[in-house]
Each structure stands twice: as structure tokens, then as C-alpha cells.
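Novice: Chains as they are written, first to last, in my numbering: chain W, 1 to 544; chain U, 1 to 98.
These are computed hints drawn from the structure, not numbers from a lab.
This list has only true hints and no planted wrong ones.
Below are the SDA-like pairs computed for lysine to any residue, each with C-alpha atoms no more than 20 Å apart in a straight line:
| hint | chain 1 | residue 1 | chain 2 | residue 2 |
| --- | --- | --- | --- | --- |
| 1 | W | 97 | U | 47 |
| 2 | W | 97 | U | 25 |
| 3 | W | 429 | U | 81 |
| 4 | W | 473 | U | 68 |
| 5 | W | 473 | U | 56 |
| 6 | W | 381 | W | 318 |
| 7 | W | 248 | W | 259 |
| 8 | W | 97 | U | 85 |
| 9 | W | 37 | U | 43 |
| 10 | W | 429 | W | 441 |
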Amino acid sequence: MYRYDQFDQAIVDARVEEFRDQVARRIAGEMTDDQFKPLRLKNGLYLQLHAYMLRVAVPYGTMDSRQMRVLADIARTYDRGYGHFTTRQNLQFNWIKLEDTPDILAKLAGVQMHAIQTSGESIRNISADQFAGAAADEVCDPRPWAELIRQFTTFHPEFSYLPRKFKIGLTASDNDRAAIKLHDVGLQVLRDADGQFGFRVYVGGGMGRTPFVAHLVRDFLPATAICSYLEAILRVWNRNGRRDNIHKQRIKILVHDLGAEEFTRQVEAEFAAIQPLGDDIPLAEYDRIAAYFVAPPFEQGLSDELDLSDPRFAAWVERQVHAHKQPGYAIATISLKPIGGIPGDVTAEQMELLADLAEQYSFDELRPTHAQNIALPHVRKADLYTIWQQLDAAGLGTANLDWISEMIVCPGLDYCSLANARSIPVGQKIAERFADPARQADVGELKLKISGCINACGHHHVGHIGILGVDRKGTENFQLLLGGSGAEDASLAKIVGPGFNEDGVVDAVERAVEKYREIRNPGERFLDTYRRVGVEPFKEAIYG
Amino acid sequence: MKLLTGNHLTEGHVIWWTGDGWSRHVEQAVDVGDKAEQILQVETAACRVNNGYAVEAEAGPRGPVPSHIKERIRATGPTVRPDLALQPADKSAGSYVI
Numbered sequence: 001m002y003r004y005d006q007f008d009q010a011i012v013d014a015r016v017e018e019f020r021d022q023v024a025r026r027i028a029g030e031m032t033d034d035q036f037k038p039l040r041l042k043n044g045l046y047l048q049l050h051a052y053m054l055r056v057a058v059p060y061g062t063m064d065s066r067q068m069r070v071l072a073d074i075a076r077t078y079d080r081g082y083g084h085f086t087t088r089q090n091l092q093f094n095w096i097k098l099e100d101t102p103d104i105l106a107k108l109a110g111v112q113m114h115a116i117q118t119s120g121e122s123i124r125n126i127s128a129d130q131f132a133g134a135a136a137d138e139v140c141d142p143r144p145w146a147e148l149i150r151q152f153t154t155f156h157p158e159f160s161y162l163p164r165k166f167k168i169g170l171t172a173s174d175n176d177r178a179a180i181k182l183h184d185v186g187l188q189v190l191r192d193a194d195g196q197f198g199f200r201v202y203v204g205g206g207m208g209r210t211p212f213v214a215h216l217v218r219d220f221l222p223a224t225a226i227c228s229y230l231e232a233i234l235r236v237w238n239r240n241g242r243r244d245n246i247h248k249q250r251i252k253i254l255v256h257d258l259g260a261e262e263f264t265r266q267v268e269a270e271f272a273a274i275q276p277l278g279d280d281i282p283l284a285e286y287d288r289i290a291a292y293f294v295a296p297p298f299e300q301g302l303s304d305e306l307d308l309s310d311p312r313f314a315a316w317v318e319r320q321v322h323a324h325k326q327p328g329y330a331i332a333t334i335s336l337k338p339i340g341g342i343p344g345d346v347t348a349e350q351m352e353l354l355a356d357l358a359e360q361y362s363f364d365e366l367r368p369t370h371a372q373n374i375a376l377p378h379v380r381k382a383d384l385y386t387i388w389q390q391l392d393a394a395g396l397g398t399a400n401l402d403w404i405s406e407m408i409v410c411p412g413l414d415y416c417s418l419a420n421a422r423s424i425p426v427g428q429k430i431a432e433r434f435a436d437p438a439r440q441a442d443v444g445e446l447k448l449k450i451s452g453c454i455n456a457c458g459h460h461h462v463g464h465i466g467i468l469g470v471d472r473k474g475t476e477n478f479q480l481l482l483g484g485s486g487a488e489d490a491s492l493a494k495i496v497g498p499g500f501n502e503d504g505v506v507d508a509v510e511r512a513v514e515k516y517r518e519i520r521n522p523g524e525r526f527l528d529t530y531r532r533v534g535v536e537p538f539k540e541a542i543y544g
Numbered sequence: 001m002k003l004l005t006g007n008h009l010t011e012g013h014v015i016w017w018t019g020d021g022w023s024r025h026v027e028q029a030v031d032v033g034d035k036a037e038q039i040l041q042v043e044t045a046a047c048r049v050n051n052g053y054a055v056e057a058e059a060g061p062r063g064p065v066p067s068h069i070k071e072r073i074r075a076t077g078p079t080v081r082p083d084l085a086l087q088p089a090d091k092s093a094g095s096y097v098i
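The shape of chain W in the complex, shown without the other chains:
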């Protein structure tokens, strides 16, 4: 994993002290809230429904045990004993005091973490495949590229006054675990026929109130040109993007308005002008960064055999364990979605256990996922049973990955000042309705995603089943959507019909699932059946 050099550390330390001064001036009344708000947002500090909320960046979803232990310490010392993993692989603390924030940021800086660019009109934390560097199906570890892009874009003056926020997603696999086509820029690392690395570049994806699947603008960009190409994309957006209506300022709106072809033409023209200037980061710098991401010292000759005589362990392995590129090793995903729990929430004690497990069994690496889980990327298969036993004892042994109860859920109206409806209680009721593992196993892969407002932090647009909470004359109402996907077969879900109250939408989900079970062909997932038969049979089942 990347380690700060003296420049990185100096930048982050200076930023903490700058914010310490700004907080002191605000508390002393030397700044108004209007003056202070953009400064706190630049440091990840929001004012939410009940308190200040601090969003901590986990760059491309990679962290170590030392960092996780500091998060646990912050949760215990400054918050209420827990944190919340988000759909951008970050962590949020919900009960932060303004006066404590500089000390918290200083603690984070001590372990090479920060909250910079987790808010505001900036290039946000880059999302990446949580299995990067471990997956059997990737062409390379994409994280050196993510780190290079992070360094290129952080505090870049040209990107300091963007029309809106800007999100980049990155993978190096055909199996898209990072939802790259739902990002402002989605990047897939590829190899060409000569074995040279490059990027497939998608632009203009996103969710929110106007969802779009990104357009392909370059099928193969030589990898070393990535910084110029990103600059060209951002420059076209900066030049032509709207700034008169906050709802129309994301790059996806520009791509849609210009058309993908014209947008691509402008990007290519800009790229042709920029690239000869030699602004791309030299390959030696990539090599310097890549040296931090060399594969850990895996043991050779380990067996792939597993003792699955404990049926609960066998069920966990079946759901939560994925193939590793190294024989004898596996990737273990820890579900943060216990039945009836709050998706993504982790107590300080659980964070410490995760840190211990990573340190002892996973070459000290932890990977928050965009689906609000935590992956241990490099686990010896022989250690899986011990790991599972410890997880199970701590309430983290749930086996439900990609099943209906393993849902993405935003904080909703229980925490968020933008929300219109509570999403967590709906998720809890659905999880309880489908709690029986045998029933979930029979239903199979079904990605349910719930948002408490149109901003879509819960990714409802790309749920096989999506739920959107809205405010109908002061009452919570829930719209049901079907047919979305955030994976390599990305598609946007469509609203089925009139909305429901909280219990009504739980019943509606159940009726949709039962209809699927009735009409599915062998081997079909819920999404496959929906795509084959269309919405009508489901609509009839839901509304009668």
C-alpha cells in the first residue's frame, strides 16, 4: 500500500493546522457560517440532521490495521462508538463536535489519512475494485494508477473550481465490482495485443436525480497518457459545463446535451493539444508508485483444500469467499449487513477486530467496498475457519453476499439532512422478511438498493430492485424500481408504478420476488428474468 512521502505528509499536516485556525476563528465569531461552510466542507465536515458529520477518505478503498485502529479510537473518543462505511468506500462519523475536528484530523494525519476532497465541488475519492491486487480475473493491480491519478488531481489548480463534484471509478477486470459506468469517469485497465497497458474510458455516468450510464469515449488509451486525457475531459467540462443550475452541472448533463459523439470529438481535440506539452507523469513516477503495491510475500505450494464439515462455515465460504490469483489464498468479504442491522455500520470493537484479522491473516490490508462491506484481500485458505469463527463471535459472520438482505442502504432521514424518507427501517424490514437463508439461497443473486432521496446515495437506480424514498405531503412514500445493474451489464432501473408506505413497499418487494420464482427459467437471476419478460408480469403481481 502507498506510503506518504515528505511532501504528502507536509501537505496533510499543513491542512490540519490551517483548519485548526479556521475552526478557532469560527468559534470566536470572526467568521460567519456562510464564510465557514465552504472551508469545513473542503475538510469533509458536514452539518447533518443531528450533529456534524465527518467523512474520512479511504483512497481507492485500501487501508491497513493501524488506520482502522485509529478510526476505532476516534469512534470511541470523539463519536458514539461506531462509524458508517459509505458507498464510496469512505467512513463517516455521525456525532462529531466542531471543536474536536482539528484534533481528529491530526490523528488521521498521523496514520496518513485525511478528509480532503470528500465533499464539495472537487474530484472525490477515487473508487476502485475492492479485490484489486488479489482477484484472479484482473489484468493487473489498478491501484498504482488510482494513486497516480489521486496525486495528479489533488489540489490541482485547474480542478479547484469545478462546476460540480467529480467521481472516478477504476477496475482492471471485465467483472465490474466498482460500478465504473455509474461514475463521471469510469476507467478499465486493459492490455493490448502487445501486452501494453491502457485504459478503456467511459464518461458521463452517474446517479442522482438524472441518472445515466456512462458513454464509451476511448476504447484504448495508452496508460501513460491518462493524466492528459483526464485533463482534456475536465477541460471540456470546465469550459462548457453549466454553472447556472446546480442540478444541471454534472458532466453527465454536458455529455447528454452535446451528445457522446460531439463530446468525444471535443475531448480528443483537447487531448491532441495537451498531450504534446509533456504534462503526463513520467513512467518512472508510475514505477515509483507501483513499487508500493507489489504483491505481498505469498507462501508457495499451499493447498486449496478446505474442510467444510461445519455447515455454517461452509455456507459462509460459499457466499463470502472469492477466488484469489495466488494458489492456496482467497479473498474473504465480511458482510456488514446482519439481518436487522444497519448496513455499513461498524462498532469500535468490530473495527479493532477487523484490524486484528487484517494484521494477522491478510498482509495487513483491509478493503471497504462500495457495497458497504469489508474485504480481507489476501487470506490463506487454511486460515478461513479461524477468521470466520472470530467474525461470527463478533456478529460479523453473516453469509449473504449479493443476496436480497445484503443490500446497499443510504443513511436516509435517520441521519441525513438531504433525505426525504427513512431508508434504514425499510431495509431492516425487508431483511427480516427474507431472513431465512434457505429462502434467500433459493432466490439467489438479487441486489437491492435503497435511497432516502433523489440524490441516490443508496444506488437505487442500479438495483435489481431499487427503492426510492420520497416526501409526499410530509409523509414518507416509497417508489419501487426494477431492472437496474451497476455491474459490467450496467442498466438503469425503471419505476414500476405508484409508491407505497413503508410496510407496503416491503410487501411489494416480496410479491416481485415471488413472481420471479414462479416464472424464472433454470439458472436465471432475478435481473435476467426481468430482462427477458419485461416489467408487466411484475407489475401485475405487485399491483394486482
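With the hints as your guide, set chain U onto chain W.
Specialist: Then chain U, alone, in the frame of chain W:
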């Protein structure tokens, strides 16, 4: 009736105007009528409230109850974490969020 609410500047928690100061307990809030702007101007300038605004409420048996669910949740805490909910000044008040 209209209540005045906002957040404590340094602590961040939700506060309600009581006529002569701020309380965490909505049942202690008072109807500010058409004086919301006037009070907010003074209190904001003195850094005694952050992000203040007026909300609609109705009279309840133990004090005012905000009309909108969002403000009722603000008044007590996340409905999914009753262990973190603000206990009312009157312990018998019970939950009126939903």
C-alpha cells in the same frame, strides 16, 4: 405555531429556542410567532446558534411537536438507534417521532 431551531455551534447538536435561551428539548420550545428572523439575527451574531431556521409545530400534551417528520427525528435522534435518542426532559413523554 412556529418554533425556532438550529444547531449548537461547537457541539453540533440540535437546539430549540425557549424564549430566553436554547434547549435540546423541543418540549421546552416556545412559539416565536413572527419574531423568528429578529431572534435569529441576534442569536446568530452572538454565535449561540448555527444554521437557524423556523419550523411549523402543533401543541401537544407535553409541549410543542414539530409538524414534519424530519424535524421530529431531529428533535429526538435516529429512529433506528433508540439507544442514542435524546431522552425528553419529561421522561414520561415517550416517543412521538412516527
